[in-house]
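So the chains spell out like this:
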Amino acid sequence: MTEPLLSELSRPGRVGQRFASPEQCRGAVDDLPPELLRGELPLPELGELDVVRHFTHLSTMNHSIDAGFYPLGSCTMKYNPKVDEDVARLPGFAQLHPYQPEESVQGALEVMLELQRLLAEITGFAAVTLQPAAGAQAELCGMLLIRAYHRERGDLKRSKVLIPDSAHGTNPATAAMCGYSTISIPTDSHGNVDLGRLKEIADQETVGLMLTNPNTLGLFEQEILEVTETVHRAGGLVYGDGANLNAILGAVKPADLGFDVLHINTHKTFSTPHGGGGPGCGPVAVRDVLEPYLPKPVVARRPSGELYLDWNRPRSIGKLKGFWGHFGMMVRALTYISLQGGSGLREISEAAVLNANYLRARLSGVYDVPYDRICMHEFVASGRSQRQYGVRTLDIAKRLIDFEIHPPTVYFPLIVEEAIMVEPTEAENKDTLDRFADVMLQIAREAEENPEIIHQAPHNRVVGRLDETTAARRPVLRWARVPAQAASAPAY
Amino acid sequence: MTEPLLSELSRPGRVGQRFASPEQCRGAVDDLPPELLRGELPLPELGELDVVRHFTHLSTMNHSIDAGFYPLGSCTMKYNPKVDEDVARLPGFAQLHPYQPEESVQGALEVMLELQRLLAEITGFAAVTLQPAAGAQAELCGMLLIRAYHRERGDLKRSKVLIPDSAHGTNPATAAMCGYSTISIPTDSHGNVDLGRLKEIADQETVGLMLTNPNTLGLFEQEILEVTETVHRAGGLVYGDGANLNAILGAVKPADLGFDVLHINTHKTFSTPHGGGGPGCGPVAVRDVLEPYLPKPVVARRPSGELYLDWNRPRSIGKLKGFWGHFGMMVRALTYISLQGGSGLREISEAAVLNANYLRARLSGVYDVPYDRICMHEFVASGRSQRQYGVRTLDIAKRLIDFEIHPPTVYFPLIVEEAIMVEPTEAENKDTLDRFADVMLQIAREAEENPEIIHQAPHNRVVGRLDETTAARRPVLRWARVPAQAASAPAY
Amino acid sequence: MAFVPLTADEQQVMLREVGVDSVADLFVDIPEHVRFPQLDVPPPLTEIEVVRKMAALAARNQHIGQLACFVGAGAYNHYIPSVVGHMMGRSEFYTSYTPYQPEMSQGTLQSMFEFQSLIADLFEMDVANSAVYDGPAALAEAVLMALRITRRDRVVLAGSVHPEYRAVVSSYLDGRGVELATSEVELRDSGLEERPIVDLLDDRTACCVVQQPDFFGNIADLGAIAERCREVGALLVYVVAEAISLGLLKTPGAWGADIAVGEGQSLGVSLSFGGPWVGLMACKQEHLRQLPGRIVGATTDQQARRGFVLTLQAREQHIRREKATSNICTSQTLLALGVTVYLSTLGPEGLRQAAALSHKKARAGAERIARLPGYRVLNRGPFFNEFTVLCPTDGAFVRARLLERGIIAGYPLGRDYPGLQNALVLCCTERNTAAEIEQLANGLASCVS
Amino acid sequence: MAFVPLTADEQQVMLREVGVDSVADLFVDIPEHVRFPQLDVPPPLTEIEVVRKMAALAARNQHIGQLACFVGAGAYNHYIPSVVGHMMGRSEFYTSYTPYQPEMSQGTLQSMFEFQSLIADLFEMDVANSAVYDGPAALAEAVLMALRITRRDRVVLAGSVHPEYRAVVSSYLDGRGVELATSEVELRDSGLEERPIVDLLDDRTACCVVQQPDFFGNIADLGAIAERCREVGALLVYVVAEAISLGLLKTPGAWGADIAVGEGQSLGVSLSFGGPWVGLMACKQEHLRQLPGRIVGATTDQQARRGFVLTLQAREQHIRREKATSNICTSQTLLALGVTVYLSTLGPEGLRQAAALSHKKARAGAERIARLPGYRVLNRGPFFNEFTVLCPTDGAFVRARLLERGIIAGYPLGRDYPGLQNALVLCCTERNTAAEIEQLANGLASCVS
Ligand SMILES: Cc1ncc(COP(=O)(O)O)c(C=O)c1O
Ligand SMILES: Cc1ncc(COP(=O)(O)O)c(C=O)c1O
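Chains as they are written, first to last, in our numbering: chain W, 1 to 492; chain C, 493 to 984; chain B, 985 to 1433; chain H, 1434 to 1882.
Keep in mind the hints are simulated off the structure, nothing from the lab.
The reader is advised that the hints may include incorrect statements.
Taking lysine-lysine pairs in the DSSO-like style, the calculated list, with each CA pair at most 27 Å apart, reads [stated by the list, open to error]:
hint: 1; chain 1: C; residue 1: Lys691; chain 2: C; residue 2: Lys649
hint: 2; chain 1: C; residue 1: Lys649; chain 2: B; residue 2: Lys1268
hint: 3; chain 1: B; residue 1: Lys1307; chain 2: C; residue 2: Lys652
hint: 4; chain 1: W; residue 1: Lys160; chain 2: H; residue 2: Lys1756
hint: 5; chain 1: W; residue 1: Lys199; chain 2: W; residue 2: Lys160
hint: 6; chain 1: W; residue 1: Lys157; chain 2: H; residue 2: Lys1717
Next up, chain W with everything else stripped away, as it sits in the complex:
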């Protein structure tokens, strides 16, 4: 059953929460000039039980990690230990005002400092900022750092950012936000950056290269050292998109590969839950030369041992977001890393990589796998050979829904036709992997024998396939206004 909108459930006069009796509020705003006050306040009127039932119903219309497999490539949808949530909700973390005097938040500053140190160690870099809100903002941060670096060196003519054609959309979008132009670097037949082309293109106008490694094909760049070396020789810096860090924890430190900056998505690698589309948290790790430019303030320790926020950072790029970043996510990430320990981190990547290769092995043959070599934490298959039966990757994705499995990422990366990008993560057990593989193989058989069932999928959800074209052509982006009866005039 679909669920009515809040506005449709509203009944004039219902109240979910009051903070005082109406009498206690009377006269409260008499001193304010009426021309500064609003008229109607057309919010829905509901009781607490209405609210609870509404959102409980809505929740049941979602798939989620806690309910089932979610092999969304590039997204690292892994299970988050429940204890992370408990820790983040401790009043000593959740109920801190960002502008409390520093002496009253020493524990919180310690969390930040320790997490910075751990992330620096794991990635091999000299310094880390925790401020960016998510990967995309971290990219902006990193590119601003690179700009500041070139600028301080008087190297002002650099304006081109090199980006592999397999890159995530945020990379070119970020370069553009910085006012840079972008040059696309092709992928070679092994799934690596085309080193030859890179060498031709990299020059004194090159700001840098934005590189994801393992790349979005799930493959480790086989000539990574030469790639980064090439950019450095041209005077550019190498920005690492760390969205795929889950593959290489304890396996390699990105700094050792020649990256100069790297962002980390804690909401992928360090297991802060994804919340239906955020919040994230995008720490940025840098080489020592870039450290002076990090956003302010920076957590620092006085000789007395006391921690404080250092605003005195004259070379800083400034602020990226309000306050100090997504502290709640930092608490979870530190909890998670503490649970795993150094040995556990390596186990994570090992299992993530083994799981992906296992699924690749089980599916390849029936599904095309364009770059069929040992992959890292994910691999990209293609639905192109199913096309002969009139079945497209989108159809396969929708059919998976019938089995309560979330479809993999589809049609990305753009360089793979009918792409199906599968990232199982280390959190899943072999039974789950086998079931997924069995279902995928069954769907491949159905494509031949009974494509109708695939075309009509999904069958059992609250809605079937939705008309996205009309949604975009004639956008309906809000409800019809709530009838604001009881709500019409300010009561006091």
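Position chains C, B and H with the ligands relative to chain W; hints supplied.
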């Protein structure tokens, strides 16, 4: 989809939680004689994610108050404000050891004392014990108090407990647990205790009368004062089953009606969640003459103001359960009563009664309502006129499930043929009541026009009607043993 | 605050449908002179106010996260994995009723079935019910069961059974003409000693109740007692107050118990100042129909899909009324769910670890305290995670002194065992650290003057 | 601990299927000399240990449940109804991804649609997106939007806009050749005064950014500014840092804003030391295709059932790459859900109350402090729930003194406004009690020496 059993999900070697490395445990129990140790420990082996998915899946197979209407007569399935849960989980309440020194639990003892006072005030009695675990244990407690009272007065020949034929099963079962015999009192044509019969039966062998008021027909005993008077004249006491207290908060104090003892189900009236079948909490309120017999210990205040547990109660009936009762439920009940306040309590009963009468009015005519007068918080309809179409109350109940509505209590009270006992509670809004009435009327139409659809209901649940006869004849009450491989020998 | 969702307009419509003028008209059956009394209950609080009020009350307690906890005595401070609370916190579980309509309650029913299975396996007994109120109530029900099964009228209790458990048995038996015999516990030079319970058993005895580990922490060979029970035809009723011990110790089933009961609190249930917890109850197959409480069975629907139902309801009050095996109705399902989540999260390895570490720390504590001048450990044989210490002075006094140091120093035996005024039962779990044990020892040492 | 569920046996089977001998063989593409480095990361902790560690860190903070909180400055201590946390805590919400597959994500999608509707109505703007990172990022995106829409290259900011918001705008604009002009704020005898921003507007100006209530708490008539914007063809960008004010104040839409942004933290989001919160963003219909971030639209399936989808994705990076309106990808959906639950729980009456009580208490506080010798309230006109106070001494010093009394005494303006070293911005919400206000006043009085 049905869900596998934990035992079926188990894989040797999987671990959800460790408390130490295996090495740290080694040697830990070397000092214990092997003949005192167990062999196999055949528990299922699962990871944390397996556990989360399993119970998340199971949860989605339940109906619940947060998901929908639950008009189970006699059960008072009302919505519980979420803040109750938050308060009960405060470490200062949830993490107290019952044997902490009293100086370290003054706040907890204050909660108990205040709740006792409030319950005494609401019911009109002199004293309250919070110790019983639920209504049934409260009944045991109350009957033991009554026994102690008769015994101390040397009145040893009383052995018969009078119980109306409409009573809940716990009433006769409790009397029997005390070693008493029971005499059933019929219900008159108005739905009241048959006063004439009561007068004939009550005599010097009468321990007392166990009376629910409003009774299980949802009706207020119209001659309640004469009923209690009759029992008192015979030297018996009147035990009040307070399961239906939700109807009369602020409307009448049961002590004013002649009851001597009354139990309260906080899990009904004072909104502690029902947990799929408990926990409950069954405070017992008594007249002053019964106070000395209350279970020990009793919370008391020293002249200094300090609270303590008074064990020095020589006339006490002893202990009913471990420690001081279901403290977690007491915290919720106090929170709830504090939120409602005196005025809110009366509003609760008024709305509960109005809602029940509204539904009675909407359904009567189409469904038989055997005692069709103003009811209190619930009413009992009957499916007997639907029987002519081959549809029974059980079928109607199952058909409601198709509409995501939990069926009312059915086939109780026993004195109403094909009983359908509806208790909407005050927590539901008019839209929900109307939808229920509409669905019930639709089902009545279906009974005439399309009984098949009713017989086959429910249609959309994870299972259809289950074979209860085989379940009872050849009971399967546990899983086949988990293969205990990794688990076979103690590792240390 | 604002829990009644009816608006004034809706109320009018409804009153009209009912055919009365006002809400007050619905209450006319209540005798007028007692109708709508004044209630001396404070006015409603807002949610903000109520949270402030309750948080202030909570803050007047020192909780065990703030203290070093060395008290057990039937209530154990084991670690509860985070996942337990998250699963119990699913509103589908905690806001549902007893699963009377199985098609709408398979979640609860299957988890109850799993609980029964886990408890039966943990105890190595044939069948378990799906919980009763708590350990003491479980024992009382077991004794009533034994009386029904044997039709005898004498009950023998070991004096080393938890005093609260014994007190509850005694209340439940009040006035039923049953003789209760209890073995005595004495303080000797060699330590605590309990008079042989076998001497109390005779052919009138319905059951013999023993607790393992006993209230003082001891673990004993129960072979002779089980043997003697068989000889006289009494049932062996076995109490497990500290269920974590079953990760390690020989089980009730293996010792030959006829009925085994226990407290499930140790297995994932918050201490919560004593409740709600969950009573465990299991028995031999032959006694199944005398077992009280809810029991869930597996069955199938018409399409042969597996499902679960409440079964054997002919034992219960709502069907059998005065002939029921017990009056129990609302029980402890949510807590049983907690136990089920806990045991499935720990699995065999986790549970063994919890038991082994609890024992190891208790042993370390006992060894440390035994070396303190003025203190004596009274256990004469092996113990699990509790041990009894004789202090140089009154046990309650020692507790008060140690509370000042942030330590809960055990359970003072004075009220229950008059000869043991100076004794404390101390407890360790996997949560206690070596540093805490050291603090305890130092605190105890400071009480010697 | 133990998060990788593969057992050793399973691993072997899987390696065989993949066709390699060991897991290490899967990592051969990594240059050997940097493969499998040592990590200086401590060994794994058990859950018990990690909870102990983190709880100890948390205990080194004083949280606002333990303090009387009079600081706002873009972060507001409003009461969050219990139900908000319970709904956000549904794992179906917090463990799902961005709703790329609408059939499996209707819960998230519908709640996002509801969020957009609520924000549009609250702001009285035509359309809202479904959130960006936070208030400052929303402002930065709004400025970028204005630059794109007007194709101009000058941005005017009121000096009374939150300093962090202004700093973020400045970083986002770095190196883009945009001129940033800011109106000055000065301390006069009559109080704080801001130089007229209208004087800064010209026909190169893409947008004029104002905040209401402003950083000092003031509420002003913005009619003239809106008028001047229209004249010069600049967009009016309106910042609401304290969203509760919209329960009471004339809205951005009513003032004529072209783009309105805000911080949603006030509306049911935990302070959490500054994040994660949620940026609100709304605009006039005509600018819709320049709006960044996720947008959800209503549509239907083939059976004409209503459903919701991510729409207008041609604005977004995953489709348009370097031509996208923004690079934003992961956003703040869970927090937007919190706002949605909050607003639907409060409804018009609750939100009006929160606003009215916050104002009432702030007024009471300001009146009380204005009477203290040595203190001066600098607001010259009406204010909402914040007001600026000139202290007899350094603001940071006053804060430190009051912390000793358990009070957070406002935000010291010294770092951001060098002339206002002695000034504090103080804030009240519906949570502050009269007793707390009295403590604050007494504390401030004690700083006068
Ligand atoms: C490869 C890659 N880069 C960047 C991003 C952007 O990160 P975020 O969503 O945290 O902004 C993603 C996330 O989906 C990604 O997969
Ligand atoms: C009328 C009546 N009496 C007694 C009881 C028993 O109460 P409890 O379930 O709390 O033991 C109930 C509960 O269903 C009831 O409805």
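Q. Which hint numbers doesn't this structure obey?
A. 2, 6
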